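A.B. asks: Taken in sequence, the protein lines are chains A, B and C.
Per my numbering, residue 12 is the first one in the first sequence, and the count goes up by one each step.
Per my numbering, residue 0 is the first one in the second sequence, and the count goes up by one each step.
Per my numbering, residue 178 is the first one in the third sequence, and the count goes up by one each step.
It is worth saying that the hints were derived from the structure and are not from the lab.
A quick note: this is a predicted structure, and the numbers were derived from the prediction, not measured.
Ideal Cβ positions, reconstructed from N, Cα and C, are used throughout, including at glycine.
Hints are supplied without guarantee of correctness; some may be wrong.
[To be verified] Estimated spans, in silico, between C-beta atoms of each pair:
#, chain 1, residue 1, chain 2, residue 2, range
1, B, Arg203, A, Gln220, 35 to 45 Å
2, C, Leu309, B, Leu84, 57 to 67 Å
3, C, Ala357, A, Gly28, 19 to 29 Å
4, B, Arg203, A, Asp208, 23 to 33 Å
[As the list claims (entries may be wrong)] Footprint (simulated), chain C over chain B, 3 or more residues, beta carbon under 8 Å:
#, segment
5, 29 to 40
6, 122 to 136
7, 203 to 215
8, 280 to 288
[As the list claims (entries may be wrong)] Straight-line C-alpha distance at most 25 Å; calculated SDA-like pairs for lysine to any residue:
#, chain 1, residue 1, chain 2, residue 2
9, A, Lys202, A, Asp251
10, B, Lys128, C, Thr438
11, B, Lys296, B, Lys128
12, B, Lys296, A, Ser158
13, C, Lys270, B, Leu92
14, C, Lys270, B, Lys128
15, B, Lys296, C, Pro265
16, C, Lys270, B, Arg103
17, B, Lys128, C, Pro265
18, B, Lys296, A, Pro104
19, C, Lys270, B, Trp206
20, B, Lys296, C, Ile262
21, B, Lys128, B, Ser106
22, C, Lys270, B, Val237
23, B, Lys128, C, Val388
24, C, Lys270, A, Ser158
25, B, Lys128, C, Phe434
26, C, Lys270, B, Ser238
27, B, Lys128, C, Val188
28, B, Lys296, B, Tyr169
29, A, Lys202, A, Gly92
30, B, Lys296, A, Ile159
31, B, Lys128, C, Thr431
32, C, Lys270, B, Arg203
33, A, Lys141, A, Gly92
34, C, Lys270, A, Val99
35, C, Lys270, B, Tyr204
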Amino acid sequence: MTGALLEVRGLERRFGGLVAVGGVDLAVRDGEIRALIGPNGAGKTTLINLLSGFLPPTAGEVLWQGEPIARWSAARRVRAGIARTMQVTSVFPNLSVHDNVWLGAQRRLRRLPALTDRRRLTDVAEWVGKCLALVGLENRAAEPAASIGHGDQRLLEIAIGLSLRPRVLLLDEPTAGMSVRESGDIVRRLKEIHRRDGIAMVIVEHDMQVVMELAQQVTVLHLGQTLAEGPPAEIGRNADVQRVYLGGR
Amino acid sequence: MRGRVVAGWILVVLSLVLLPLVLGRYGRFFGAEVLTWALYAMAFDLCFGVAGMLSFGHAAFFAFGAYGATSMVLHLARDPWLALLAAVVVAALLAMLIGCFAVRVVSHSFVIITITFSLVLLLLAHSQKELTGGDDGLTFPPLALFGDVASLSAPLVAYYTALAACLLVYAGLRRLVASPLGLVFQSLRENERRAMLVGYDVQRYKWLAFVISGALAGLAGGLYAITHAQVTAQLFDVSVSVDPIVWTLIGGAGTFLGPLVGAAVVLVFTNAISAYLTYTQIPVGILLILIVLFFPKGLVGMWRAWQERRAAG
Amino acid sequence: MDTGPLLLFQVVNGVVWGLVIALIALGLALIFGILEVINVAHGSLYMLGAVLGWYVLETTGSFWVALAVAPVAVGVLSMAIERVILRPIENEKILTIIATTGILLILQHSVLATFGGGVQRIPSPVPGAVSLLGIRYPRYRLLVAAFSLCTIGLLWLFLTRTRWGLWLRAVRQDARMATALGIRISRVYMLAVGLGGFLAALGGVLAAPIVVIQYQMGFDILATTFIVVVIGGFGSLFGAAAVAVLLGVLEGVTSVFTTPTWARIVSLLVMSAILLARPEGIFRARKVMR
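If we strip away everything but chain A, and leave its shape as in the complex, we get:
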């Protein structure tokens, strides 16, 4: 599959006798929004962990713009342009919202100065402001991350991801634990981000409405294998998928 931005071939991850991911092929194109769905234990988070470098595969390849990266550390993949959010929100609790995003934004500096006050680096500050505005947190910039609500923390995580100017954003259940209104808000923002910057996204989701609204392509995982793949409407009609996951007849 040429032209794919992020691709896996025959990807496998075993834990002893358990095959969490068994021979999955997946190709995400530049700018594509791909949803990853499936019942619990299907291997979705494991796949994200494999893509982001948290886990090495036990077999198969991970390719970034055609180059094999299975040996790359997570930090290296981030630097290459693969950002992710975690299933359980992971931010810097005692740092301000602004500083949280700053850590991502300042990565574009070639060297990290040790004796320059951050407040003097205005272009980084500008970019932080933009990222915060994209997720609607610009008014809460000075608050410590631990004190903002759960939904806002997930938005913060997305902002941190964005500040890295990634080519692809891996989102692990971005709407988990959110109210309907908050979910809608995130979906709107992700759509806007995608429209503006064309960032590819791989979204693990349980909320089918989110999937239907956002995704261009859907991959359904079941017991570590790809069950089905296609546009959301098609997947919604797929009998196997309905049986296994959507609660069909």
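For this one, chain A is given, so just place chains B and C on it according to the hints.
C.D. replies: For chains B and C alone, kept in the frame of chain A given last:
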């Protein structure tokens, strides 16, 4: 508001500068001691309060700095500036070495590794008496700054030297924390995994923080050496590693001012009660426990939190 | 002695001392494995056992009474410490380290204030030596080894065969799940710390006739027991015991060829190397959470 802060600072610095004029000879020397240990505590705070690594072996850096300065004086040049330079270099080298190993492991293993290396050095220091002088240590005739003008054995000179060093290091550390690099160090404390996910090579930055911290601890050791003109193997003791932990907790971790205040409070406190109570570490231990249970942010931390609440509401 | 018998002597010494360390390390492993508290004061509990044992010996004249009383007293003290100091902060790793540091200061200097800074020696309660594989070996030390082994065995039985032991193991596996099953976590924590202190003090009383009793004796074994626990595998109790014995033998053998100080240094460095090579420990592949 900013004006008030600056005015406050000027007041504090001014009082510290004028303080020795009202103290007697002993008071001045004690003041120099406190400032030297405060510098050590600030160095420790970079490692612990800022970067989140609890080192139980910082005595090694302090002692190496002290002995580095002493070696310079005894063997190469009777110059206090070179002695301080030697102190920093020697301590930094040690920190680079230990750091290579220490930063690879999880937090509780980090504690254990730092205790272990420090213990090994302690054993060596006491056994290699020809090198270190053991408990009697090594001495040298007191040095003087600026040629022969200001003898460091004079309490006033010692005090102002220590004060200058403290203020410089404090300013430098505050700058560091406000810088991009400083923010990365803080991210290590906050959420190492997230720091990695933002693309930072976590081990490299941990190592860097550890080395800077060790180097500054060595500077404090060098300062100790040139103001005392004597060093002993006891500088490697576990208690010297435990002290900055106590001071930082009492004063408030991560603030640099906290460890300075903590060191001052504890040292003055133990000095004051030592007239009545021989075993001053017992109240210190009790104080530590009380702080942990009721004031985990320490004195400065609480003061800052109180200030923030006032500003907010 | 020539090298052959000397080596054998030191190997047996190493096993004996290793078993004593194993006892103390088991105590530490219990506390760490169940509460995730790094008990910096553990060495002081060992020291307290030896010192209290000495006091009981002085008053009653019987080492065996001391052996019975001192560890129990320290165990009770440990339970009190858990209840009052550790309970409120049990989830804060760093704070617990600091709190136990405070306890270390208090214990050590209280002993300094009462017992003094000097050393005391206890005569061997079981004098004499036996012939063992061609060397003469002190009876008491063999007794210590046997006693330690028995205690470890009893501990194993306790953990695997009794209700409380089951609860301890359940809480170690998954504290929240254990609560959901109705186990009283607070009681289990208190038991773990009490047992931990008891074992440390027991090691102290047993060691007292072998080493010298002084208020800083805790430091000698602190680093060793920590490393042993971690290398043995984070709360894997019997892994810790095995590593302790191996370590004792290593140190014993090394001291034949060099000074005791260097033997210690070598053993510390070897253990650090192992710790660095296998941060998860040798015996348990329990995942280290970063």
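A.B. asks: State for each hint whether it applies.
C.D. replies: Checked hints:
1. B:Arg203 <-> A:Gln220: 35 to 45 Å: Holds: the Cβ-Cβ distance is about 43 Å, inside 35 to 45 Å.
2. C:Leu309 <-> B:Leu84: 57 to 67 Å: holds (59 Å)
3. C:Ala357 <-> A:Gly28: 19 to 29 Å: holds (27 Å)
4. B:Arg203 <-> A:Asp208: 23 to 33 Å: Cβ of Arg203 (chain B) to Cβ of Asp208 (chain A): about 30 Å, so the range 23 to 33 Å holds.
5. 29 to 40: n = 0 at 8 Å, threshold three: violated.
6. 122 to 136: Since three or more residues must qualify, the claim that chain C covers the segment 122 to 136 of chain B holds, with 4 doing so at under 8 Å.
7. 203 to 215: violated (count 0)
8. 280 to 288: holds (count 8)
9. A:Lys202 <-> A:Asp251: Not satisfied, since the Cα-Cα distance of roughly 29 Å exceeds 25 Å.
10. B:Lys128 <-> C:Thr438: holds (13 Å)
11. B:Lys296 <-> B:Lys128: Measuring from Cα to Cα gives roughly 42 Å; hence the hint is violated.
12. B:Lys296 <-> A:Ser158: Answer holds: Lys296 (chain B) to Ser158 (chain A) is near 17 Å, not above 25 Å.
13. C:Lys270 <-> B:Leu92: Violated. Lys270 (chain C) to Leu92 (chain B) sits at ~30 Å, over the 25 Å cutoff.
14. C:Lys270 <-> B:Lys128: violated (38 Å)
15. B:Lys296 <-> C:Pro265: Holds, at about 15 Å.
16. C:Lys270 <-> B:Arg103: holds (19 Å)
17. B:Lys128 <-> C:Pro265: Violated, at about 46 Å.
18. B:Lys296 <-> A:Pro104: holds (16 Å)
19. C:Lys270 <-> B:Trp206: Distance ~22 Å between Lys270 (chain C) and Trp206 (chain B) Cα, so the pair holds.
20. B:Lys296 <-> C:Ile262: Roughly 17 Å separates the two Cα atoms, so the pair holds.
21. B:Lys128 <-> B:Ser106: violated (34 Å)
22. C:Lys270 <-> B:Val237: This hinted pair holds, its Cα atoms lying about 21 Å apart.
23. B:Lys128 <-> C:Val388: Within the cut-off at roughly 24 Å; holds.
24. C:Lys270 <-> A:Ser158: holds (22 Å)
25. B:Lys128 <-> C:Phe434: Holds - the C-alpha atoms of Phe434 (chain C) and Lys128 (chain B) are around 21 Å apart, at most 25 Å.
26. C:Lys270 <-> B:Ser238: holds (21 Å)
27. B:Lys128 <-> C:Val188: The given pair, whose Cα atoms are some 29 Å apart, is violated under the 25 Å limit.
28. B:Lys296 <-> B:Tyr169: It holds: about 20 Å lies between the C-alpha atoms, which stays within 25 Å.
29. A:Lys202 <-> A:Gly92: Holds - the C-alpha atoms of Gly92 (chain A) and Lys202 (chain A) are around 19 Å apart, at most 25 Å.
30. B:Lys296 <-> A:Ile159: Distance of about 21 Å is within 25 Å: holds.
31. B:Lys128 <-> C:Thr431: holds (22 Å)
32. C:Lys270 <-> B:Arg203: Answer holds: Lys270 (chain C) to Arg203 (chain B) is near 24 Å, not above 25 Å.
33. A:Lys141 <-> A:Gly92: holds (19 Å)
34. C:Lys270 <-> A:Val99: holds (21 Å)
35. C:Lys270 <-> B:Tyr204: holds (22 Å)
Violated hints for the displayed structure, listed by number in ascending order: 5, 7, 9, 11, 13, 14, 17, 21 and 27.
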